[in-house]
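Asks: Chains A and B supply the protein sequences, listed in that same order.
Per the numbering used here: the first sequence = residues 1 to 309.
Per the numbering used here: the second sequence = residues 310 to 604.
To be clear, the hints were calculated from the coordinates, so they are not data collected in a lab.
Any given hint could be a false lead.
Unchecked claim - Taking CB as the label site, the calculated pair distances span:
no., chain 1, residue 1, chain 2, residue 2, range
1, B, Leu343, A, Arg29, 53 to 59 Å
2, A, Pro226, B, Arg378, 44 to 50 Å
3, A, Phe128, B, Leu391, 22 to 28 Å
4, A, Arg272, B, Val453, 31 to 37 Å
5, B, Ser464, A, Arg296, 41 to 47 Å
Here the structure is a predicted model, which is why all the values come from computation and not from measurement.
Heads up, the beta-carbon is just placed ideally off N, CA and C, and yes, glycines get one too.
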Amino acid sequence: MSVVATQSNLTRTDERSFPLSRFIPWGERIVGYGLLLFAAFATMAPFLWMVSTSFKADAEVFQFPPSFIPQGLGWQNYLDVIYLPDSGRQLVNSLVFALGSTISNLIFCSLAGYALARMQFRGKTIVFALVVGLLMVPAQSQIVPVFLIVQKIPFAGGNDWLGNGGTGLLNTYWGMILPTAATPFGIFLMRQFFTRIPIEYEESARLDGAKSFTIFWRILLPLARPAMAVLGVLSFQSAWNEFIWPLILTNSRDMATLQIGLQLLQSGPDARWNVVMAMATLITVPIIIVFLFAQRFVIDGAVTSGVKG
Amino acid sequence: MPSRSATAGPFNRSWGAYAFLAPALLILFLSLLLPAIATIGMSFTDISFLRPANWVGLDNYFRLMADGRFQQAIGNTMYYTLGVTFPTMALGLLAAVALNRKFPFRIVFRTIFYLPVLTSLIAAAVVWVYLYEPYSGPVNGLFVSLGLGPQPWLSSPNLAMMALIIMAVWRDFGTAMIIYLAGLQDIPEEIYEAARLDGASKFSILWRITVPMLGSVTFYLMIILIVQSFQVFGAIYVMTGGGPLGSTETIVFQMYQTAFGYTEFGYSAAMSTVLFFVILLFSLVGTKIMRRGEG
């Protein structure tokens with residue numbers, strides 16, 4: 001669909017020089033650059049304040065008006081964050097949650113996407129229509145039933161076979177990962193990609209007698225690396241930044257993720273802005289670094305992820 | 310073994326395909342389909358944490374219609390949605406038009422405009438709470454240095470929603486920019502050439518050619534932004550908690566409170582059902598337009 005066309009068009013921007021620029025006079029160019037610089041600075045300002053405040057000493061935070069440049073580069077706030085009693089645990093939880101969600105998306109979405117793109121089976125049209133239809137279901141308006149379903153998973157957390165009696169998967173990694181473990185968007189993305197791989201690759205393997213899974217695993221998956229990269233980066237980013245599922249599906253301090261931890265730190269009784277900003281910086285920087293390395297993939301994929309809503 | 314799969318009929322192939330699909334479909338069933346159905350079912354009951362559920366018919370919906378707080382939440386959600394959607398699209402379009410030509414540092418600007426999209430919502434919200442801080446925050450610092458009085462941003466019922474909207478626009482316009490940049494590539498260069506030969510001004514080229522040609526992209530983007538803004542939760546949870554005086558309480562926030570604060574799951578499900586159908590309506594309209602754009 002249009003997704004594919006849009007992607008390839010976007011990459012073309014970089015190569016194609018626009019004749020328009022030749023017609024732009026110098027004066028206008030300077031004004032244009034000026035406006036862009038202003039907009040860029042305004043966009044960056046919250047980040048710059050975040051970093052600047054994270055280096056300030058306690059007393060300096062309460063100066064009014066606040067100064068943009070901190071008086072010294074003190075790393076104390078960062079040490080305070082790292083030595084918070086729960087921050088190590090929260091980092092582990094965030095990593096387990098984000099990696100778990102990423103890996104399960106990569107596996108399940110590519111399997112399903114391959115089946116929808118390349119295999120013949122009864123009910124294919126219905127299954128594909130269902131996936132596209134589920135793209136439109138607003139996930140955040142389902143917080144109550146998802147909570148109840150996670151609580152009532154049979155045989156988990158002391159539940160009997162009917163799902164009663166225990167806490168199910170609440171307060172577990174499995175429970176947190178479940179609502180994000182495969183997404184209609186991911187299946188759709190992978191299906192679109194597999195559809196574009198020439199059928200010849202598969203047919204020759206099939207003539208050699210290879211099984212479906214072997215063809216998928218040995219031939220198509222290696223070809224799908226770019227799509228897997230997009231799906232992986234987007235899944236990791238969205239799980240790392242996720243707030244509502246960890247908030248609802250866990251209530252013990254041991255299971256809090258970094259996002260929950262940051263919210264608790266900021267709303268806590270003895271919140272210090274400089275320490276809060278240090279933690280916000282520490283949470284934001286890894287994602288920005290990942291983005292800078294995978295920029296092309298992520299931006300192309302982001303156009304597609306608009307479908308996710 | 311190889312001979313078996315070579316001779317495998319469509320029946321065997323089908324089972325193979327089902328095996329490929331099963332895990333993903335099970336997850337989608339548990340996390341989206343069953344919840345969507347369950348929400349509607351639960352909205353006709355008084356289900357709660359401990360109590361066994363009773364069928365109450367349309368009672369929850371009658372209660373919703375008479376609930377002043379819910380009406381306020383609907384009003385707030387609409388205000389927020391409109392306030393976020395249109396400025397976001399306008400800024401996104403401006404940024405896309407500005408960056409849709411080759412010049413030095415173009416990618417740097419694009420990256421900068423896209424950074425807020427990448428930031429976690431909670432980190433962004435926490436930073437903005439600091440920016441809006443009434444006694445030592447940079448926004449009031451700027452206001453004072455411009456000779457304006459300091460404002461109680463997040464603690465004033467008149468300003469709090471506006472403050473949330475500004476932050477949301479800051480966070481979302483990068484998405485709009487990226488989608489518009491992709492859309493701009495689909496406009497044939499010949500149309501611009503022709504317009505320039507006719508001596509059209511820059512502004513009229515933008516207004517008469519670029520904007521209309523981006524029609525389907527714009528509509529698609531509008532639906533995404535509306536659907537996303539309708540579901541706003543995290544920013545409200547962190548920045549205002551629905552206050553002051555309920556002035557920033559939105560539908561999803563009220564759903565969360567009703568379910569997990571007052572444990573009235575049935576009533577919360579009724580709210581969710583209303584929201585669900587509104588969002589579904591917008592999505593369906595959006596998809597239709599998208600299809601038409603493709604054809």
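Asks: So, for every hint listed, does it hold in this structure?
Replies: Status of each hint after checking the structure:
Between Leu343(B) and Arg29(A), the C-beta spacing of about 57 Å keeps the proposed range 53 to 59 Å intact. Between Pro226(A) and Arg378(B) the beta carbons are some 49 Å apart, a value that agrees with the proposed interval 44 to 50 Å. The hint said 22 to 28 Å for the Cβ distance between Phe128(A) and Leu391(B), and at roughly 35 Å that hint is violated. Between Arg272(A) and Val453(B) the Cβ separation comes to about 23 Å, which falls outside the hinted range of 31 to 37 Å.
Roughly 43 Å separates the CB atoms of Ser464(B) and Arg296(A), a value that falls within the hinted 41 to 47 Å.
Of the hints listed earlier, those the structure fails to meet are numbers 3 and 4, in rising order.
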